[in-house]
Amino acid sequence: MTAAVYLDHNATTPIRPAALDALVQTARAVGNPSSVHGAGRAARGRLETARSQVAALVGRPAAQVVFTSGGTEADALAVRGSNRQRCLVSAIEHDAVLAAADGAQRITVGAEGRVDLADLEQRLAAGDAPALVSVMWVNNETGVIQPIAEVVRLAHAAGALVHVDAVQGAGKLDPSSLAGADLIALSAHKIGGPAGVGALVVRPEVVVRALAVGGGQERGFRSGTENLPGIAGFGAAAEAIGATGGDEMRHARVLRDRLEAEVLALAPEARVFGQAADRVATTTCLGLPGVPAETQVMTLDLAGIAVSAGSACSSGKVKRSHVLAAMLGDDPITGQAIRISLGWTTTAADVDRFVAAWSAMRDRLSPTARSL
Amino acid sequence: MTTTVPDLDLGLPGPRSARRVVVAMSGGVDSSVTAALLKEAGYDVVGITLQLYDHGAAVARKGACCAGSDIHDARTVAERLGIPHYVLDYESRFRESVIDDFADSYLRGETPIPCVRCNQTVKFRDLLTTARDLGAEALATGHYVRRVLGPDGPELHRAVDPGKDQSYFLFATTPEQLAFLRFPLGSMSKEATRDEARRLGLVVQDKPDSQDICFVPNGNYAEVVKKLRPGAADPGDIVHLDGTVLGQHDGVIHYTVGQRRGIGVGGRRGAEGEAATDPLYVVRLDPDARRVIVGPREALAAETVLAGEVNWLGADGGVPESGARAQVKLRSVQAPVTATVYGDAAGGARVVLDQPQYGVSAGQAAVFYGEDGARVLGGGWIRGIEAPAGTVAA
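Protein sequence lines, in the order shown, are assigned to chains A and B. All letters in the first sequence, in the order written, are residues 2 to 373 by this note's numbering. All letters in the second sequence, in the order written, are residues 1245 to 1638 by this note's numbering.
Take the hints with a grain of salt, since some may be wrong.
Stated by the list, open to error - Taking lysine-lysine and the DSSO-like style, the derived pairs with C-alpha atoms no more than 30 Å apart in a straight line are:
#1 B:LYS1451 to A:LYS320
#2 B:LYS1451 to B:LYS1408
#3 B:LYS1283 to A:LYS320
Hints in this document: simulated from the structure, not taken from any laboratory. Just so it is clear, the structure is predicted and the values come from calculations on it, not from any experiment.
Between the sequences and the hints, there should be enough to build the whole structure, so can you do that?
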């Protein structure tokens, strides 16, 4: 088998050379950023450089960045740490938010995967207790961009805080739409940094209670000696993206649009979810009626193509997509869709090989193709 | 160390490396060795583990993963073997096809065997379909049973190791399923399997065999049924066959036909208050009237067993209406007994036993073997019995 085609960049994307270099160099150096001596000061310098690099990714001052162990911890810190009595979360949030916001109200989404602003407005008006609204920037399964600026306007008018899980949008979109957000969660390994590091951006006037207490690192928001190699890699990845000036996304959009056009031309029964909505350039959620999502993922994997379906479970099984269920109800197609996500290493040849493998699979398994 | 490595040729034409075989991997020793030996034999092996129920909920441990350690073990073995491995979420299928049936059967006063239903539905129907969809040419499992090529195609035979034989649980395998299935361990002893596991360095080599029904990890069936069907444990009367009420019970689901101990009413006392004279057995369960009917051992005698949903794997395309001589097993642990099996037009069978049998329970299977006891001719679900003195429902 030739080298696998990796089209699961929304799960994790290859580490960028600059990030790997920064990671290795920092790991080789000794120094705790909290120490008084020279080695400590040097470590502190590397930490603050990375903080500035990551802050630039979302257009915020460095002082607002709190490093965490990843996107999940950042979401948990935002949702649990802000300690609001009422929580309104979109029905398509990542499990990191849904699980942290246990018992939250779910804001509905439309069939194209965009959060329903009228529903949010009604829910905000229906209660007096101080609320937290959590809406992701970009959905991880469909790539649909959420109307964050409008969410912020409605929420702030009702006195609510806004948390944005920006894990899938960071590095792909202009951050100006996040300007009003009170809290923003980021993850390094989704942008070409190392796994195990993330950040929560916290506006100065927002009160967040720490989940981990101890030495008071990260201005008390998150105690524990900083994962400096990871953080340095995160910063370097953020800077590397900034240096590309949007070329990666322009390139990805051409490839992604071609992939969708070719697949839909081959198989009229196939469906691209959220196609009519604004989406990031890297993601396609593709339904093949009558073929279970797990069968598609396994078939493509056995053909050397890495894609995914639903959200990953630690057991490795394919869970039914709560995102598509929120968009389309109990339509069987919600269990028959896969996610193809492109990234900074994706080539035209990858797309060609995907289309060939997908087409062979479709001819063999699709009830529509079989009945022709 | 002596091992008997079976001939692992699966009878598929062409080079083995181009023959894809799906192995149903439970995470136990048997299916792990099955996968390892097929990989060693050169096949394109794909491992699949079914997540059948929420393990965390079954062991009632909050926050425990739905997958449990068996799935983890299967992944570890597959990783070690270097084969692709997938976990499929079959929770809802398993609930519909196996757990609901288990609970309903208990509520009817039967003694169900969910493992047969599971083989019949989620494994040999649903997983088999998925294996075909993946381009596999066979589905292999770690069951101890043999698939033997006969003059008319594949036949199902008892395993070589009588202590491990699982043919009773596989009677419902259809000829079409059998054509696609392979059971490489059927000609191995359990010891040989463990030796292979050690030789291959599999982490599961010392795992104990599973004893219980998988979704009832502590063996307490009544608790599970009560949870699934609230109200199933309503109390009622324990009644002697002669109509005398002997006491109270806390739900018919706690009783099994043929059960002697634990009825809570011992034998009846003689008229003068002497020691018990006649030991009592559960003869029948009447869930509608919430009655447990007890009686002497003779009342358990069955001369004829009525079986439904019969699967036939013998020749002639069905159970002969003129009767076929067979050895019959009426419980998994029972030694086979001789009988004549007659087919009926409704897809059922009358099993006329040479000698009456005691404690035959509805919900169990009547499995038919050839006269030499080796080949599985088929089987059906026990629906009722005819006693020597007349007909009573089992």
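A quick look at each hint next to the structure:
The suggested pairing of LYS1451 (chain B) with LYS320 (chain A) holds, with an alpha-carbon distance near 28 Å, which does not exceed 30 Å. The hinted pair formed by LYS1451 (chain B) and LYS1408 (chain B) meets the criterion: a straight-line CA distance of about 16 Å does not exceed 30 Å. About 28 Å separates the Cα atoms of LYS1283 (chain B) and LYS320 (chain A), which keeps this hinted pair within 30 Å; it holds.
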